[in-house]
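With chain E's structure known, arrange chains X, D and P on it following the hints.
4 protein chains.
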Amino acid sequence: MIGVGIIGYGYWGPNLVRNLSEIPGCRVIGISDLRPERLALARARYPSAKITAECQDLFDDRRIDLIVVATPVSSHFRLALAALAAGKHVLVEKPFTTTSEDAERLIEEAARRKLMLAVDHTFVYTPAVRKIREIVAAGGLGDVRYYDSVRVNLGLFQHDVNVIWDLAVHDLSILDYVLPMRPVAVTATGLSHVPGEPENIAYLTLLFEENLIAHVHVNWLAPLKLRKTLIGGSQQMIVYDDLEPSEKVKVYDKGITVTEQGAAAANGKYQLLVGYRAGDMWAPQIEVTEALGIELRHLMTCIERGETPQSDGIAGLRIVGLLEAATASMRARGRVIELDSTRWAA
Amino acid sequence: MIGVGIIGYGYWGPNLVRNLSEIPGCRVIGISDLRPERLALARARYPSAKITAECQDLFDDRRIDLIVVATPVSSHFRLALAALAAGKHVLVEKPFTTTSEDAERLIEEAARRKLMLAVDHTFVYTPAVRKIREIVAAGGLGDVRYYDSVRVNLGLFQHDVNVIWDLAVHDLSILDYVLPMRPVAVTATGLSHVPGEPENIAYLTLLFEENLIAHVHVNWLAPLKLRKTLIGGSQQMIVYDDLEPSEKVKVYDKGITVTEQGAAAANGKYQLLVGYRAGDMWAPQIEVTEALGIELRHLMTCIERGETPQSDGIAGLRIVGLLEAATASMRARGRVIELDSTRWAA
Amino acid sequence: MIGVGIIGYGYWGPNLVRNLSEIPGCRVIGISDLRPERLALARARYPSAKITAECQDLFDDRRIDLIVVATPVSSHFRLALAALAAGKHVLVEKPFTTTSEDAERLIEEAARRKLMLAVDHTFVYTPAVRKIREIVAAGGLGDVRYYDSVRVNLGLFQHDVNVIWDLAVHDLSILDYVLPMRPVAVTATGLSHVPGEPENIAYLTLLFEENLIAHVHVNWLAPLKLRKTLIGGSQQMIVYDDLEPSEKVKVYDKGITVTEQGAAAANGKYQLLVGYRAGDMWAPQIEVTEALGIELRHLMTCIERGETPQSDGIAGLRIVGLLEAATASMRARGRVIELDSTRWAA
Amino acid sequence: MIGVGIIGYGYWGPNLVRNLSEIPGCRVIGISDLRPERLALARARYPSAKITAECQDLFDDRRIDLIVVATPVSSHFRLALAALAAGKHVLVEKPFTTTSEDAERLIEEAARRKLMLAVDHTFVYTPAVRKIREIVAAGGLGDVRYYDSVRVNLGLFQHDVNVIWDLAVHDLSILDYVLPMRPVAVTATGLSHVPGEPENIAYLTLLFEENLIAHVHVNWLAPLKLRKTLIGGSQQMIVYDDLEPSEKVKVYDKGITVTEQGAAAANGKYQLLVGYRAGDMWAPQIEVTEALGIELRHLMTCIERGETPQSDGIAGLRIVGLLEAATASMRARGRVIELDSTRWAA
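Here the protein sequences line up with chains E, X, D and P, keeping their order. Read in order, the letters of the first sequence are residues 9 to 354 in this note's numbering. Read in order, the letters of the second sequence are residues 9 to 354 in this note's numbering. Read in order, the letters of the third sequence are residues 9 to 354 in this note's numbering. Read in order, the letters of the fourth sequence are residues 9 to 354 in this note's numbering.
Bound conformation, chain E alone (with noise of 0.2 Å):
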């Protein structure tokens, strides 16, 4: 049986416990709130639990091995390396932490101290993006030429963080699970429109050695919500589509040829030499298993095996340092940020 603390209960925290007191083998211990009004709702939902004020309850509760942070970014540093400290696995919530050296603080105290350190990158716990990143591994869309992610919305606008932080993360951690390759580079324009409010709006280029380039609009003052991924390969390219109630990822046989002679011919005869594939289209059935229940069951199984998890610290840290990185990219009006790449080195 594994023993869970939950420090948060806003927006996320709810949906934690809900899932993990649905898996056999675990069991929710403790959950602590600064908010009276949370407590209480909490208390109202789980009786039987610890509900407290104080987050220290929940490290010193010996029945409790695991600690999950769902509080907002700035405190998740000072309570991931409390638990830490106090031997206990965790899982943080995503952004992981506000700079990458607080992030690779954590990632060597877990390290140390053998203790599990993940972080909830949700997405890529969905059944959407490993279909995905199945095809994409099984070589299904040949090599991969662009990724292209448009994540909008109206609200729910942050203080503490700008949409790159709240929304391209999501981007940032798929395109980190569905691709073998990593960025070197990153460009970013953006803007608030809030006087004094973090940026709203964000556009994001992340640049590559490879022959391939990744883009992400978020935006929080957009009048529709939209979720859609364009992944375009040399040999298939795939929509995906997070809002569509099945048909989530669709796998288009379509694409150029090029007929590789051509390329010394005369200028006026190569034009022949390109032309369009257009096949099947192709939408895989997706399971509808809620994906934080998945990540949550399999987090149990690392703590259990002594595992590794798949969002694990230093997949935390490789968003971090890209989110860093674009957020100074876009306050420098959208200069080119060299990202350190030696860094992420697992």
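No wet-lab data here; the hints were simulated from the structure. There could be a bad hint or two in this list.
It does not matter which identical chain is meant; a pair holds if it fits inside one copy or across any two.
Unchecked claim - Distance condition first, Cα-Cα at most 25 Å in a straight line; then the derived BS3-like pairs of lysine-lysine:
hint	residue 1	residue 2
1	Lys236	Lys258
2	Lys258	Lys58
3	Lys139	Lys58
4	Lys139	Lys233
5	Lys236	Lys139
6	Lys122	Lys139
7	Lys233	Lys122
8	Lys233	Lys258
9	Lys258	Lys139
10	Lys122	Lys258
11	Lys236	Lys58
12	Lys236	Lys122
13	Lys233	Lys58
Relative to chain E, chains X, D and P alone:
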């Protein structure tokens, strides 16, 4: 009666000739092209027109008042200049010229000779774009916050221009027409996926002095055709989807409300002062007239009355300046290019 | 404080209990079900409620004012009658009863005892349907010409009722609520594709004395989930798509114009006198409140004030009458069944 | 070389002539129409054709092998009969004739004279419908369970035929082409909303001896254009949406599974034995060739080789028989009309 000669009977030429043929007070006098099979096609359809491989035949024809240049962009400057030199009014296909210098030279020549010089920015004559301009001009959106366009499809790969010059030219001309502000800098990223060929995917950001950002995604290698533009304003927002058979323009009475006095308040309290507004959506009835016909009738009127057309050479110059800057930025891995706005003072 | 007892904790029961729990002035006293595993689930979620296999325990509990019958339809009559006999107000799940006679009997019993008798026609409490009724009642559509609904999906095959009783019941209750007219005849066709099981596809037409027609397509064996209703009026038309995340209701200012004097003219000329009107489309903002909560709060108010609920037993009877007639028609290969409208005089 | 004469240059005539003009081995000899303005238009476009107000000029022209009758339906019989009498092959626009008797008379006349008699059921020549037939014929769907089509839009109100003859004719011809089974009875309901004019909304059900049902909703007074067909089979299901720019045909590997031995089991247990299957979706690549061109080339081949065209007079007769029966049912408030299938034995 205005006589017209068309140079270039390839992809767009037939549409020009068909529309010109249906305008009362306008007569297609001649058509030239270098390819015998295109000439044969033109002859079959317009047996009474002069069909010739020599564009000089059109320049020399005294019945011709207007020359339409619908050839590849590399020949635009030379042909338009020759047409002006022959005393003809000129309409040039988009993109106008390959350099700003060429555009300026044509503008000067037309001004000196008091001839009309127009660029075929067809989209600014569509009823949908005109409706959007009308809404923006009437203040319906409040302050415009962002302009975001996605214009992607599979093919048609061009060999003489990159995807920015081929597709983003539409968005830049729409933006130029709809918004009163002019960008001050450009940053772009993009790639070619076919060795030796122009870039087939690109992302452009336009920066403004105002609290406004514009972004365009253009792509010849997409599995789907998408033509979706979001325009965010402080009061309302527009979604313009050119592929919708009806309801191309939707106006959303949605946005955020910021309570000003909250700005000075403590951090914790501020959060309550940003609210969301979700009101009705409204899709104005959009006329279904073909834009090219509207444009050509407008040009006939301009010629008759000696008026400046809406898409004149100066508009063409502004767009060419942006295309040049965007391409330069893209080839410098996204370096920000400042725009010399003095050049555009109309 | 109104005490509530729920009989049946299967598919819909948990939604009822969850909503009832959140209404101030309402308390869930007890839950009964015949299945031990459902009782265990209810007990885990509502440890303070009386959880019992015996519904008589609920009838006998003096703290209970309202009994909710959420069991299979075959037991509705018996349980509702027993609840009324025990002096309880009653809410019965849809479809109300298996026969009109049973419905009439319950209506009489409730009237005699001055108890509230309501039927859970949840859709008539949705903000979308209420908005539609409001538009129709305000004359926004002009004369209503037709009502067309498609309600299809894959599953869930029922064993005790056919697809008309399971799905068309929603459309019939919406129609009953939205339109002031009552149908005078029904014709239906349909089939079962599983031997020995109820019909899983059906088409119903309702005929009216007015120049109006209503039609419903219900289907458990469709590859897609569709929930689309068209309501045509002489002035405007509505498209109601319940699966749209927002803009569920769209009002089209479209239609035909008929120039009356044309009717006497010669045939050839008449054609000019029928015209088409295409105006703006408008999607009113629809509140996102859960319909079941709205309904239950309404019922609490009715109980407190002794008022008749919107979806009362008589509404339930009208719908059961239509379901009976439609099933009879379907089993007679589409024979038209005249409705005895005198029975429905409220 | 096959010479063609077209009678009727109204809405569809220009499409016929344009397509005929592009077929090698086919020549448009003459065009007739009663309206001077249509003749003027034909003359402008086809200066070398014989343009005449007298269709007799076409019957008398020995260069003409094939007469295409593209006039209002009321004149089809008379004109087609005259063309056959003049020894011409005949293609008649849909709907074929106003009565089955007329259709039979034309079939006999063509047979007697060994001339080709074809009906322009264009939809059965679309690549999408041909792909559907191919899938059905290969057994891909298993047993076909239902066919459901929605074909609605605003306008164009006809004055000589009702909406069934105008729009349902397409669905009936598709059904006739795609399925091997023939209906045995028809029931239909519908209304006219314009006094003195034909019905503008109708619902048809076709009944079969097999465990199959077909239904068509046609409507000239709908706010949206919809063209959506569902075809349910025991193994797979098809969604055919003719308005989709690509992916017009989607094949869903979905359905129910029924465990046979369960049929004899007790009622309570049976429920476990009906399951749902949800597999991949697949959209076969559909060619984008214009159907009318495919059809006309097919007819040219039939004339040359003396073969029977796919949409011959007998197919036309079957459809006219259904249209007659459906109209009769509709005017009898949905009375079931049994079809005399002996008449259709090809």
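Hints, one by one, checked against the model:
Taking the closest pair of Cα atoms, Lys236 and Lys258 come within 25 Å of each other both inside a single copy (11 Å) and across two copies (20 Å). When the C-alpha separation of Lys258 and Lys58 is checked against a cutoff of 25 Å, the pair qualifies neither within a copy, at 45 Å, nor between copies, at 49 Å. Within a single copy, Lys139 and Lys58 get their C-alpha atoms no closer than 39 Å, and across copies no closer than 45 Å, so neither meets the 25 Å cut-off. Taking the shortest alpha-carbon separations for Lys139 and Lys233, both the intra-copy value of 23 Å and the inter-copy value of 23 Å come in at or below 25 Å.
Proximity of Lys236 and Lys139 under a CA criterion of 25 Å is satisfied intra-copy only: 16 Å inside one chain copy versus 27 Å between copies. For a Cα distance limit of 25 Å, the shortest separation of Lys122 from Lys139 qualifies neither inside one copy, at 31 Å, nor across copies, at 59 Å. When the C-alpha separation of Lys233 and Lys122 is checked against a cutoff of 25 Å, the pair qualifies neither within a copy, at 42 Å, nor between copies, at 49 Å. Within a single copy, Lys233 and Lys258 get their C-alpha atoms as close as 19 Å, and across copies as close as 14 Å, so both meet the 25 Å cut-off.
Proximity of Lys258 and Lys139 under a CA criterion of 25 Å is satisfied in both settings, with 11 Å inside one chain copy and 20 Å between copies. For a Cα distance limit of 25 Å, the shortest separation of Lys122 from Lys258 qualifies neither inside one copy, at 41 Å, nor across copies, at 51 Å. For a Cα distance limit of 25 Å, the shortest separation of Lys236 from Lys58 qualifies neither inside one copy, at 41 Å, nor across copies, at 48 Å. In this assembly of identical chains, Lys236 and Lys122 lie within 25 Å of each other by CA distance neither inside one copy nor across copies; the values are 39 Å within and 50 Å between.
Taking the shortest Cα distances, Lys233 and Lys58 never come within 25 Å of each other, neither inside one copy (38 Å) nor across copies (43 Å).
Of the numbered hints stated above, those contradicted by the structure are hints 2, 3, 6, 7, 10, 11, 12 and 13, listed in ascending order.
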